[in-house]
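Let the sequences and hints guide you as you build the complete structure.
Protein chains: 2
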Amino acid sequence: MYLSALLTSAGINISVCLLVFSLYSVLRKQPQFMNVYFGQRLAQVKSRRQDPFCFERLVPSASWILKAWEASEDQIHAAGGLDALVFLRLIVFSIRIFSLAATICIFLLIPLNYYGKDMEHKLIPSQSLEVFSIANVPKGSRRLWAHCLVLYIISCCTCVLLYHEYRSITKKRLLYITEGHSNLSQFTVLVRGIPWSRAESYSETVTKFFTTYYASSYLSHKMVYQSGTVQKLMSDAGKMYKMLKTTTRQQLCGSSLMRCGLCGGTATSFKILAIEGQIDKGRRDFDGSDLRKKECAAAFVFFRTRYAALVVAQSLQSPNPMKWVTEKAPDPKDVYWMNLGLPYRIFWMRRIAILVVSILFVAFFLVPVTLTQSLVNLDKLQNTFPFLNGVLKRKYMSQFVTGYLPSVILMLFLYIAPPVMLLFSTMEGAISRSGRKKSACVKLLYFMIWNVFFANIFTWTIIKNLVGEVARRLQDPKNIPNELAIAIPTTATFFMTYVLTSGWASLSFEVLQPLALLCNLLYRYVLRNKDESSYGIWTFPYHTEIPRVILFGVLGFTCSIMAPLILPLLLVYFFLAYLVYRNQILNVYVTNYQTGGLYWPTVHNATIFSLVLTQIIASGVFGIKKSTVASSFTFPLIILTLLFNEYCRRRFLPVFQSTAAKVLIEMDWQDEQSGRMEEIHRNLQSSYCQFASTTLHQDETMHVSPCETVVSGLQDLEDITSGKTLISGLWDGHSSPEELNWK
Amino acid sequence: MYLSALLTSAGINISVCLLVFSLYSVLRKQPQFMNVYFGQRLAQVKSRRQDPFCFERLVPSASWILKAWEASEDQIHAAGGLDALVFLRLIVFSIRIFSLAATICIFLLIPLNYYGKDMEHKLIPSQSLEVFSIANVPKGSRRLWAHCLVLYIISCCTCVLLYHEYRSITKKRLLYITEGHSNLSQFTVLVRGIPWSRAESYSETVTKFFTTYYASSYLSHKMVYQSGTVQKLMSDAGKMYKMLKTTTRQQLCGSSLMRCGLCGGTATSFKILAIEGQIDKGRRDFDGSDLRKKECAAAFVFFRTRYAALVVAQSLQSPNPMKWVTEKAPDPKDVYWMNLGLPYRIFWMRRIAILVVSILFVAFFLVPVTLTQSLVNLDKLQNTFPFLNGVLKRKYMSQFVTGYLPSVILMLFLYIAPPVMLLFSTMEGAISRSGRKKSACVKLLYFMIWNVFFANIFTWTIIKNLVGEVARRLQDPKNIPNELAIAIPTTATFFMTYVLTSGWASLSFEVLQPLALLCNLLYRYVLRNKDESSYGIWTFPYHTEIPRVILFGVLGFTCSIMAPLILPLLLVYFFLAYLVYRNQILNVYVTNYQTGGLYWPTVHNATIFSLVLTQIIASGVFGIKKSTVASSFTFPLIILTLLFNEYCRRRFLPVFQSTAAKVLIEMDWQDEQSGRMEEIHRNLQSSYCQFASTTLHQDETMHVSPCETVVSGLQDLEDITSGKTLISGLWDGHSSPEELNWK
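Chains A and B, in that order, are what the protein sequence lines are. Going left to right, the first sequence walks through residues 1 to 743 as UniProt numbering numbers them. Going left to right, the second sequence walks through residues 1 to 743 as UniProt numbering numbers them.
It is possible that part of the hints are untrue.
Given that identical chains are not distinguished, each listed pair holds provided it fits within a single copy or across any two copies.
Below, a list of computed lysine-lysine pairs in the DSSO-like style, where the Cα atoms sit at most 30 angstroms apart [claimed, not checked]:
#1 K208 to K171
#2 K333 to K293
#3 K328 to K171
#4 K333 to K294
#5 K662 to K323
#6 K626 to K139
#7 K333 to K172
#8 K222 to K333
#9 K662 to K294
#10 K208 to K293
#11 K222 to K208
#12 K208 to K172
Bear in mind the hints are in silico, worked out from the structure with no lab data behind them.
Right under this line is the structure:
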């Protein structure tokens with residue numbers, strides 16, 4: 001591939017990006033798309049301005065970029081939680097390290113590579129890209145020492161930056177824990193594998209066990225019910241909600257002054273009380289004794305202090321490790337109720353089965369990737385399909401096919417993976433929605449690194465050589481670094497186009513939200529549904545975005561020394577990503593649940609992996625280039641990097657796996673002194689509500705104590721009609737839109 | 001190798017065994033060797049009979065076998081603790097499974113193999129051993145189905161037996177925990193990484209931290225001091241002990257009636273009080289403020305209840321995971337003081353360094369093994385060293401060289417490994433002596449399986465083929481099962497001789513205790529030391545014996561289907577081992593510390609490993625023999641075995657890793673109700689005594705409360721002169737005889 005082809009590809013992508021960004025800047029000003037582009041804002045601000053139509057609304061502008069740029073860290077934290085901060089730190093980290101790498105590589109390595117071999121240089125645009133890579137440095141050249149030096153610099157800087165990031169995120173996580181004073185999950189333990197007894201119900205068994213062994217700290221508990229029961233209740237509650245909504249709508253329309261004062265509310269409050277009576281009736285039905293039979297062997301157990309809950313969650317409770325299995329409960333909004341009802345003893349089998357299926361899925365995914373990659377090698381394609389000759393002879397067509405099409409096809413195929421992985425994580429038995437997303441994130445990370453990075457290199461190797469020859473050579477594990485070393489500088493071409501298409505283009509799609517836009521239009525103009533709140537608001541798809549950004553990091557690291565020309569393209573991607581994702585976090589996605597920064601250890605490990613991979617490949621390249629001294633000089637670097645990783649693992653990782661007793665004890669003291677503890681204890685019982693979460697946050701209505709005024713009841717009811725609770729309620733069910741939002 | 005050569009080897013070994021056993025049965029009756037062969041008994045029974053000399057003492061007898069056979073499980077448990085029971089269960093398990101395997105294989109597989117190929121059969125003694133192995137079954141034979149069936153039967157029986165053993169040992173471990181009411185380590189937590197502060201000593205920091213955060217459960221603590229200080233104290237204490245010993249000896253000689261009554265002890269008790277005064281002075285010196293400067297950042301912290309200690313040991317204490325690192329304290333006698341003083345933050349580096357060094361050690365150990373193996377292939381040896389032709393032409397010489405010598409050389413080389421591994425485990429930072437032994441056990445297991453089993457197979461493969469060819473074939477991981485499948489049936493010959501020499505002979509050496517005997521003779525007749533108590537008593541060398549028995553298990557499993565002739569030899573080994581080790585546990589070894597059955601998970605995993613290895617090899621053999629259906633029929637077996645292992649890991653392993661909260665809470669209640677708790681609290685402070693353990697159990701003297709009578713003081717002092725405390729005291733120092741007892 002020539003530089004001009006790359007520039008063509010870049011040109012296409014830049015124009016697409018500009019077009020999409022302009023389109024976005026216009027669309028976001030249209031009030032009818034407000035819930036597509038300002039879901040987060042809508043969730044926070046209840047009132048909506050009805051702007052009059054003006055010409056300005058049709059002029060593209062860059063104001064959103066400025067707003068995204070200016071937002072402070074606190075605003076991001078408020079809008080997206082710690083996970084959003086972690087995600088943006090990942091992008092900032094990438095920008096920092098690749099700015100440095102790009103500066104060094106462009107000013108030091110590219111000239112060295114370009115004038116590496118004594119050859120007649122053509123005009124730069126029609127120069128092959130390989131001229132700029134390490135492939136152009138002759139064997140045994142002393143210039144390789146510069147590459148080795150650059151590798152050392154990049155590795156050291158990466159480690160220093162990683163250390164600082166890990167430390168700062170550890171501090172932020174500690175803050176997240178200590179500031180979560182009203183975080184009820186800290187008082188709660190999820191108990192599974194409750195032993196069955198003929199004489200007692202599960203609930204009685206739980207009460208007996210915890211009052212016996214944890215008499216001083218046990219508060220109460222809440223059983224989990226069979227999901228069949230819950231589904232029946234969901235439909236009942238759905239009906240109830242509809243009725244409620246209609247009534248409150250009428251009230252709000254009828255008396256718009258109601259919100260301003262307390263006066264004259266007798267008739268309405270009577271109505272509301274009637275509705276509450278209906279809810280009460282529902283609850284009474286639910287508390288019936290027939291439900292006892294539908295209890296699952298799982299319960300949420302509440303304790304008086306955070307420390308007591310921590311201790312119970314960590315200990316082995318029973319001499320039979322399959323019974324009384326305790327673990328830290330997820331946040332009430334984060335609970336994945338579907339999986340709680342399943343018997344605990346089958347989970348390990350499910351986990352193994354899913355592991356096997358995931359590996360198979362990743363392995364068999366290679367087929368479409370191989371097809372894709374074959375498109376890049378145009379001559380091979382023409383040989384295989386002679387009828388294509390006519391089409392491909394045209395210059396632009398050929399450049400389009402080599403530069404653009406393969407990545408698009410790959411990207412389309414990759415769209416299948418996220419929902420499948422999310423499904424796998426669900427079947428694995430995740431108990432929290434954030435945990436499910438995190439598990440899918442790790443699976444997708446393996447998937448992308450294997451299927452995009454390694455598979456492309458191997459298919460390239462197979463296309464260049466005979467299949468048998470490759471198989472023979474790869475059988476020796478020692479050959480793999482060498483094969484990578486041969487392949488990387490040349491496969492870099494494909495990766496450059498991949499950055500352009502999958503990277504840049506995906507960002508423009510991310511900002512435009514075509515799926516949400518389509519849904520919106522469908523609802524509005526086809527289904528004629530005027531209720532804006534039902535169009536859908538999503539939580540941030542960390543499980544797709546983190547693996548993608550990490551993948552670009554892997555590409556950046558491995559290509560940095562070999563083919564530095566990829567670095568500027570990557571930098572543009574990361575800058576754009578920084579702006580786009582800030583904008584999306586601030587405006588689009590709501591944050592119903594978060595892991596509290598648990599993504600960072602994954603990011604850290606993946607970065608260390610790509611660093612070590614780079615070092616191994618560099619060592620292989622130096623070996624091939626007959627610079628054995630430089631090759632052996634990289635070995636200490638590998639060992640040092642691994643030692644650094646081990647240090648970080650010991651120093652920071654435990655904070656992400658468990659909470660320090662000291663911290664929780666101090667929080668308990670503070671709450672006891674300030675008298676907040678009793679309030680928390682009062683709220684605990686109503687917090688984990690299996691049915692309420694499906695009946696659209698009725699729990700918020702329910703746990704208002706009867707003595708509070710009607711007004712607060714009204715506000716709660718109004719809250720139901722706002723987008724936030726509706727959507728989060730809707731998506732609390734099984735088929736949440738995150739599963740659809742696999743882009 | 002022919003059957004006759006094997007029989008020659010067996011003959012030599014049987015006669016050696018008989019000779020040694022007879023010698024042992026005579027020697028054990030001699031009073032002067034009592035402390036060699038009855039260390040355990042001596043430790044229990046204080047008085048010693050002085051038998052008159054009689055002729056019977058010189059007649060060999062089999063009474064010891066009878067006694068070992070008749071001992072009940074309770075006696076074994078009392079003498080050797082749970083670890084001894086686990087070890088004997090391993091042998092019983094091996095006897096059971098290999099009896100079954102031998103029965104099936106000898107009556108079903110050996111006839112099938114023998115008449116496998118249409119050939120003229122020679123007389124059985126001059127028949128090659130390969131005729132009895134699967135190597136004699138022609139390709140594509142239907143007889144392979146019988147082998148596949150036997151593999152299924154053996155695998156199923158192994159899993160069933162393993163499950164029952166794991167369950168029964170889990171129960172025994174729970175009993176061990178619940179019955180250990182006076183086990184002070186259950187109340188104790190080892191804290192390391194205490195943060196350093198300019199203002200306070202470590203001891204003050206500990207007090208402050210635990211009184212702040214664990215006010216209700218914290219009792220007291222005991223600091224660990226720098227080992228330089230301890231060594232100085234050790235020498236002081238040594239002097240003090242000598243003085244004490246002389247004094248008490250004089251007393252005991254002077255008034256032998258003292259033991260019978262309380263009367264007339266005024267003068268002696270005055271003397272003893274004077275000595276106690278000296279001890280008190282030593283303690284006062286030690287408590288001096290200059291010692292504060294020599295405190296280490298480690299301490300034993302005592303809690304009021306077992307549950308509180310468990311909770312503290314399990315939790316992360318500080319947001320910085322390198323500080324306030326807590327873990328379950330080992331038993332007072334089990335503490336390995338040397339490593340406690342080291343700063344915690346360097347442990348991870350030491351651990352990695354030791355891991356690397358261990359791997360290198362295992363890898364470079366191959367050289368002597370290769371040399372050894374070359375001796376078996378006599379023709380190759382004659383080709384390489386032509387001058388040997390004359391010697392080796394003699395028939396018996398040749399049979400001796402092929403049948404006996406190689407194993408002896410290998411065995412001698414293997415003697416280096418245990419002390420080295422024990423040293424590695426020490427340097428790794430083990431905090432308990434039992435933990436150090438367990439870590440060395442795991443290392444030696446890898447070492448033996450790799451260096452005896454795999455290395456022999458690979459060297460055999462290399463000798464049979466060209467080195468380059470082997471390297472090329474082994475580069476493909478898929479080829480390894482095939483290579484194993486080719487090698488096993490023929491290498492089985494070597495393993496048979498290995499069972500004879502290393503197995504049988506090592507048992508006879510074990511029973512004879514040549515090292516202890518030599519020490520005894522050296523002390524008695526060369527150094528003219530009449531003090532019997534200073535000859536040395538050892539704890540059981542689990543770290544060498546468990547890997548050895550497991551190794552024979554691996555040989556038995558892998559060869560069972562391929563070359564069943566090894567099974568009778570193994571059965572004889574296991575029967576002998578059962579008798580010998582029972583005898584040794586009952587009579588020879590003292591039990592100062594134990595892991596409480598923690599060796600069983602290692603045994604279980606090793607057995608599963610050998611089972612899966614057998615299945616993989618069998619699958620390879622079926623593949624080579626062109627019975628692809630039988631080959632693919634073994635795959636479900638592998639998967640089922642792995643699933644079974646995973647189930648056991650979930651069902652039983654947690655009990656070995658942590659103690660159930662329920663169990664400890666119930667124990668706390670019982671102790672509180674029975675009023676034992678206060679007594680335990682009183683004993684706690686004096687239990688962990690860094691100096692006492694080096695000054696020959698003075699702690700036992702020290703923690704007698706002053707109000708007790710002088711007689712109890714006297715009994716304690718007498719206790720000091722008995723072998724038990726002296727030896728256990730002596731070996732509590734750094735260079736314990738376990739490190740020497742590497743056989």
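I want to check one pair: K208 and K172. Are their C-alpha atoms no more than 30 angstroms apart within a copy, between two copies, both, or neither?
Only across copies: K208 and K172 sit 27 angstroms apart there, 39 angstroms inside one copy, limit 30 angstroms.
If the cut is 30 angstroms between Cα atoms, do K333 and K293 qualify within a copy, between copies, both or neither? Classified as within: same-chain Cα gap 26 angstroms, cross-chain 53 angstroms, threshold 30 angstroms.
Is it within a copy, between copies, both, or neither that the alpha carbon of K662 lies no farther than 30 angstroms from that of K323? This pair counts as both: shortest intra-copy Cα distance 29 angstroms, inter-copy 12 angstroms.
Within, between, both or neither: K222, K208 at alpha-carbon 30 angstroms: Classified as within: same-chain Cα gap 14 angstroms, cross-chain 38 angstroms, threshold 30 angstroms.
Worksheet item: When no copy is named, should K208 and K293 be tagged within, between, both, or neither for a Cα gap of at most 30 angstroms?
Response: within (18 angstroms within a copy, 51 angstroms between copies)
Please work out whether the CA atoms of K208 and K171 approach to 30 angstroms or closer within one copy, between two copies, in both situations, or in neither?
This pair counts as between: shortest inter-copy Cα distance 24 angstroms, intra-copy 40 angstroms.
Please work out whether the CA atoms of K222 and K333 approach to 30 angstroms or closer within one copy, between two copies, in both situations, or in neither?
The answer is within: 15 angstroms in one copy meets 30 angstroms, while 46 angstroms across copies does not.
- Message: Please sort K626 with K139 into within, between, both or neither, judging by C-alpha distance up to 30 angstroms.
- Response: Within one copy only: 6 angstroms inside a chain, 49 angstroms across chains, cut-off 30 angstroms.
Under a CA distance limit of 30 angstroms, which applies to K333 and K294: within one copy, between copies, both, or neither? within (23 angstroms within a copy, 53 angstroms between copies)
First find the shortest C-alpha distance between K662 and K294 inside one copy, then the shortest across copies, and answer within, between, both or neither for a cut-off of 30 angstroms.
between (40 angstroms within a copy, 27 angstroms between copies)
* Asked: Is it within, between, both or neither when you check K333 against K172 at 30 angstroms Cα-Cα?
  -> within (22 angstroms within a copy, 44 angstroms between copies)
If the cutoff is 30 angstroms on CA atoms, where do K328 and K171 land: within, between, both or neither? Let me know, please. This pair counts as both: shortest intra-copy Cα distance 21 angstroms, inter-copy 28 angstroms.
Violated hints: none; the structure is consistent with every hint.
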